[in-house]
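The listed protein sequences derive, respectively, from chains A and B.
Mapping of the first sequence onto this note's numbering: residues 1 to 384, in sequence order.
Mapping of the second sequence onto this note's numbering: residues 1 to 518, in sequence order.
Be aware that one or more of the hints could be misleading.
BS3-like cross-link-like pairs, simulated, lysine-lysine; straight-line CA separation at most 30 Å [as the list claims (entries may be wrong)]: (1) Lys462/B to Lys390/B; (2) Lys229/A to Lys409/B; (3) Lys239/A to Lys100/B.
Between beta-carbon pairs, the in silico distance windows are [unchecked claim]: (4) Phe209/A to Glu351/B: 45 to 51 Å; (5) Tyr355/A to Ser13/B: 45 to 51 Å; (6) Arg279/B to Leu220/A: 43 to 49 Å; (7) Met163/A to Gln82/B: 40 to 46 Å; (8) Leu336/B to Gly188/A: 51 to 57 Å.
Since the hints were derived computationally from the structure, they do not count as laboratory data.
Since this is a predicted model, take the numbers as computed values, not measurements.
Ideal Cβ positions, reconstructed from N, Cα and C, are used throughout, including at glycine.
So you can see what is in the structure, the chains are spelled out below.
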Amino acid sequence: MKIGARELKVEKRPSLSGWHAALISIAALLVALLLFSILFIVSGVDPLEAYKGIISYAFLNQFGLPLTINRFIFLLLCTNAFIIPYRAGLWNIGMTGQLYMGALAVFGVLALLGARRNGAVAVPPLVVIPILLVVAAAGGAAYAAIAGGLKGKYNINEIVITMIMNFIAFWLVSFMIKEGGAFMGRGGEGESFQLPANINAPLIAGVPFTLFVALGLALLLNFMFARTKLGFQIRAYGKSPAAARYAGINPVRLPILVFALGGIMAGLAGYHYFAAVPGVYKITGNYGYYGDLAFYGIICGLIAMGNPIASIPVALLFGGLSIGGRYIQGKLHMSFGVDYALLGVLMITLVGFQYFYNNQIVLKSNRESSKEESLDVGVHSPES
Amino acid sequence: MHEELLAGRVRGSTVLELRGITKRYPGVVANDAIDFEMRAGEIHAILGENGAGKTTLMKIVYGLMQPDEGEIYVGGQKVKLQSPLDAIQLGIGMVHQNRKLVNAHTVMENIILGHPNAGRVLNLKRAEEEIDELCRRYGFSVDLKASVWQLSEGEKQVVEILKALHRGAKILILDEPTSALAPPETKKLLTSVEAMADDELAIIPFITHKLPIVLSTSHRITVLRRGRVIARVDTARATEQSLAREMVGREVMFQVERPVVETGKPVLQVEKLSALSSRGFMAVKDVSFTVREGEIFGIAGVSGNGQHELAEVLAGLRKAEAGKVTLDGTEITDALPIKRWQAGLGYIPSERNEVGSIGDFTLVENVAMNYYFDDTFTHRGIMDYGSIRKLTEDLIADYGVATPNADVKGKNLSGGNLQKIILARVLNRNPRLVIANLPTQGLDVGATEFVQNKLIEAKKNKAAVLLISEDLDEIMAISDWIAPMYEGEFMAIVSADNADREQIGAMMAGLRLERQEQ
Chain A
1 MKIGARELKV EKRPSLSGWH AALISIAALL VALLLFSILF IVSGVDPLEA YKGIISYAFL
61 NQFGLPLTIN RFIFLLLCTN AFIIPYRAGL WNIGMTGQLY MGALAVFGVL ALLGARRNGA
121 VAVPPLVVIP ILLVVAAAGG AAYAAIAGGL KGKYNINEIV ITMIMNFIAF WLVSFMIKEG
181 GAFMGRGGEG ESFQLPANIN APLIAGVPFT LFVALGLALL LNFMFARTKL GFQIRAYGKS
241 PAAARYAGIN PVRLPILVFA LGGIMAGLAG YHYFAAVPGV YKITGNYGYY GDLAFYGIIC
301 GLIAMGNPIA SIPVALLFGG LSIGGRYIQG KLHMSFGVDY ALLGVLMITL VGFQYFYNNQ
361 IVLKSNRESS KEESLDVGVH SPES
Chain B
1 MHEELLAGRV RGSTVLELRG ITKRYPGVVA NDAIDFEMRA GEIHAILGEN GAGKTTLMKI
61 VYGLMQPDEG EIYVGGQKVK LQSPLDAIQL GIGMVHQNRK LVNAHTVMEN IILGHPNAGR
121 VLNLKRAEEE IDELCRRYGF SVDLKASVWQ LSEGEKQVVE ILKALHRGAK ILILDEPTSA
181 LAPPETKKLL TSVEAMADDE LAIIPFITHK LPIVLSTSHR ITVLRRGRVI ARVDTARATE
241 QSLAREMVGR EVMFQVERPV VETGKPVLQV EKLSALSSRG FMAVKDVSFT VREGEIFGIA
301 GVSGNGQHEL AEVLAGLRKA EAGKVTLDGT EITDALPIKR WQAGLGYIPS ERNEVGSIGD
361 FTLVENVAMN YYFDDTFTHR GIMDYGSIRK LTEDLIADYG VATPNADVKG KNLSGGNLQK
421 IILARVLNRN PRLVIANLPT QGLDVGATEF VQNKLIEAKK NKAAVLLISE DLDEIMAISD
481 WIAPMYEGEF MAIVSADNAD REQIGAMMAG LRLERQEQ
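Only chain A is shown next, with the shape it has when bound in the complex:
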């Protein structure tokens, strides 16, 4: 494109710094909001008002903020459930099934302890709650490891397997809580039995302690990738399985391991939503909604480029926008699902803007002086 004596050209970007990646993501977010305002305008809503409402409800409102935080914890765990195998070049599409298995493991242990029969457990919560966390993690890990094992041993596509296993887990939950399984609530409302009140996850400053678990795990994962032998092996395998094999990394064990680790994250997400969110404390009849929400872990993981630290703001943004979007939709009597539509537009622009990870727009002078100015996306350098 020509502008006077200069020319805008797209060139390959030699390398991408974290700073640039963040800038590009922010530009994408702004463009997404701009694009979405068209929808608001068409619906006769002032976009500025709408965005103000979304943000203030999601992040500042005393009712909205806890919802955002709970959703953020869930998304962050699901995102890292995706990221661990992703860094090894493998795609975990099975967070849904893994989180169901984590939840089932939790309610299985509670049922064994007599929670359904007696509405209470005899063992003190300080013992039970850690056990619940461990079995949730183990349930997710074991379920995910099946996909990893099939991949490592027989090279069966992990995407297909995890997808199939999502359906299996979905119907298993349905059976367990609705259709005669051992976790049915006593009234038969299509929900699981209620967690005994003393087993509810403790709150710290009104927030489930799982927030700190999720944040701590994200930091730990970052350390794992950057500094540990395991992290090195995962990254090497992800960049080049052939080179990893040459270097002595076990091509059967590694896929099992990364899926198991991912499954731990997803299993904990299951614990979080069904045993730690205030007001829930059971496997609800609409558990499928949370299963679907888990898929946003894939999107968040891709936008964060597999970086566990970057996944924190991304998951927070997605969590907040979905809560705020749902609120504003009701408040302004809008006729469509603002939360999912907004996330959808955001997703598309963020993915679209990843083009600029590898390319940059350069303003080139047509005159012989080959002075070049690098432009960041969306920002035009002033004509000097």
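Since the structure of chain A is already known, use the hints to place chain B on it.
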């Protein structure tokens, strides 16, 4: 559109001229005001080390890349090459070093693929006649009905040449044309190249090593160094020494010394080893040999004769179907690769970009590939990147790797420098057994000499070295034992002292020692 530009060419007339070609990459001038001229009927070799700017120049001539400055003239007329299509239409053909053929298709299908006359309806009969005529004229022989995957490297190259000629190439660019060929194949190729030159075709071979071939075949030579034309000489007035000096910028010894080291106990013992290729046929058949401390055992063979599979089996990357492998007396036939590394194996793979290194990893991380499992560098699962960085910097200094620092990514290093890093990190482990699979393939004169000297140094340090090479000269120069390999078998195991070059060359092509003696 410009096809007629080269139609009326006569011997000795200028067909291609480059004036002041300059191409810059960030931080590097790959081509610096290069002038170059090509005449009909001429074989004009372009010599230069890796990174001298040959590849860039070649890409510019073939339209894969546009110069920042400079002009290109074909048949005396200024042209702009925006893409290879422009180059092809002008009559410029290119034979890549990395073959660009469809393996599952036949030779015939590959040759006519993309041909402008192929159109929507294939006139196979006419194409076949045309190709037969080309084969007759230039002395090529290849089965048009064979699938490409069945062909040897030499035959694949012939297919590429035929493809270019069939599209009407009058200027033919050959990238490292002899690098993957056995001596008899090389001889055949050179005869054909001379026949093409006699037919007023202009041929530009780009070559980094094998100076004798350049001297015996070409008419003129242009030497590039660091993006500049250093010399432009008539071949008759050049010598191997003078060319090497101009390429490298210093004197190069062509004769690496082969020191006699007292051999010790056997390190690697292979008994009746067999292995399958990835395609499922028996690639290694009943091979037995021993490599002792302080000796280099050279396996000579044209690519695809099982030596690659043999190396992989020894490194634990491929399953042995039968037989036994022992390292220092311990059986490792089925051991995991990691166990072999820990037992003292050091493998230098032939695929240095795909297997030997990770392009997206920094040099520190690439070095870590062979050390992450050592207690010295990993404590309780935490890697000591500080020590690995220190090691990497030492290796970079010791091996003279040309890189700004240790944080450069592997993919940004030239082939020779990458190979130095791989060699350095493997040899620094002081392995008991070094398996070097095509360690100098694609390297320039200076780097080749360096790698060979390092292997000899390892031998002096009492390592057992297994060298696999397609370059018979290299095998002859540094091995103590030579095993020509053909179709999965050793034709013989000959002591270097009694080795005869002609005889080994013949055995690489399948002649057995016993049969020869009858």
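Taking the hints in turn, this is what the structure says about them:
With a C-alpha separation of about 26 Å, the suggested pairing of Lys462/B with Lys390/B holds against the 30 Å cut-off. Restraint check for Lys229/A and Lys409/B: the C-alpha separation of about 20 Å stays at or below 30 Å, so the hint holds. At roughly 24 Å between alpha-carbon atoms, Lys239/A and Lys100/B fall within 30 Å of each other, so this suggested pair holds. For the pair Phe209/A and Glu351/B, the supplied restraint of 45 to 51 Å holds, since their beta-carbon distance comes to about 50 Å.
Look at Tyr355/A against Ser13/B: about 48 Å separates their beta carbons, and that is inside 45 to 51 Å. For Arg279/B and Leu220/A, the hinted distance range of 43 to 49 Å is satisfied, since their beta carbons lie about 45 Å from each other. For Met163/A paired with Gln82/B, a C-beta distance near 45 Å keeps the hint of 40 to 46 Å intact. For the hinted restraint 51 to 57 Å between Leu336/B and Gly188/A, the CB-CB distance of approximately 54 Å keeps it satisfied.
Checked against the numbered hints above, the structure violates none of them.
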